[in-house]
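Q: Using our numbering, the letters of the sequence shown map in sequence onto residues 32 to 186.
Check each hint, because a few of them may be wrong.
With a Cα cut of at most 27 Å, we get these calculated BS3-like pairs of lysine-lysine [said to hold, decoys possible]: (1) K64 <-> K35; (2) K112 <-> K49; (3) K156 <-> K112.
For the record, the hints were derived by calculation from the structure and aren't laboratory data.
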Amino acid sequence: MTFKEKVLELLNQGLALKPDIFLIDLSISDANKITILIDGDNGVVLQDCIDVSRSIDNNLDREEQDFSLEVASVGVGSVLKLHRQYLKNIGRTLIVKTVKETIEAELIEVAENFIILSWQAREAKKIGKGKETVVKTQQFLFEDIVQAVVTVNFN
């Protein structure tokens, strides 16, 4: 079993004890620096990072193979990578980039293959002069999304 496989096995065992926490990324450098990014259905607290770290650190022998370990939660403004992350962000505003466009809108629905966004736009009135505010919704397939990020609103 390779070092990375052993780390992944221990990580999965640790995450199994916390079903609301999930892995976003695992990387191991040539110098055996282990970097783990986690997220949670209800967010991540410091204790979650500590527990995941201990599930690995307490079960690897530093005498056998030296390593450093860093466990962190994804930050505000991080790119959404997993379907599960979209689900926890329903009702929040996203900036979604596709090959054709970039749009800032509220995430209102998440399905298996797509998301639905809603936003307000100013358009010319159908009758008369001037503009009116209309609500638009659009479906985006996951395969068409290049990047999606939750925006931070301080209002």
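Q: Could you run down the list of hints and mark each one as holding or not?
A: Verification of the hints:
Distance hint between K64 and K35 is fulfilled; the C-alpha atoms sit about 11 Å from each other, no more than 27 Å. Our distance criterion of 27 Å between C-alpha atoms is met by K112 and K49, whose separation comes to about 20 Å. In summary, the hint linking K156 to K112 is not supported, as the alpha carbons are separated by about 39 Å, beyond the 27 Å threshold.
Hint compliance for this structure: hint 3 is the single one not met.
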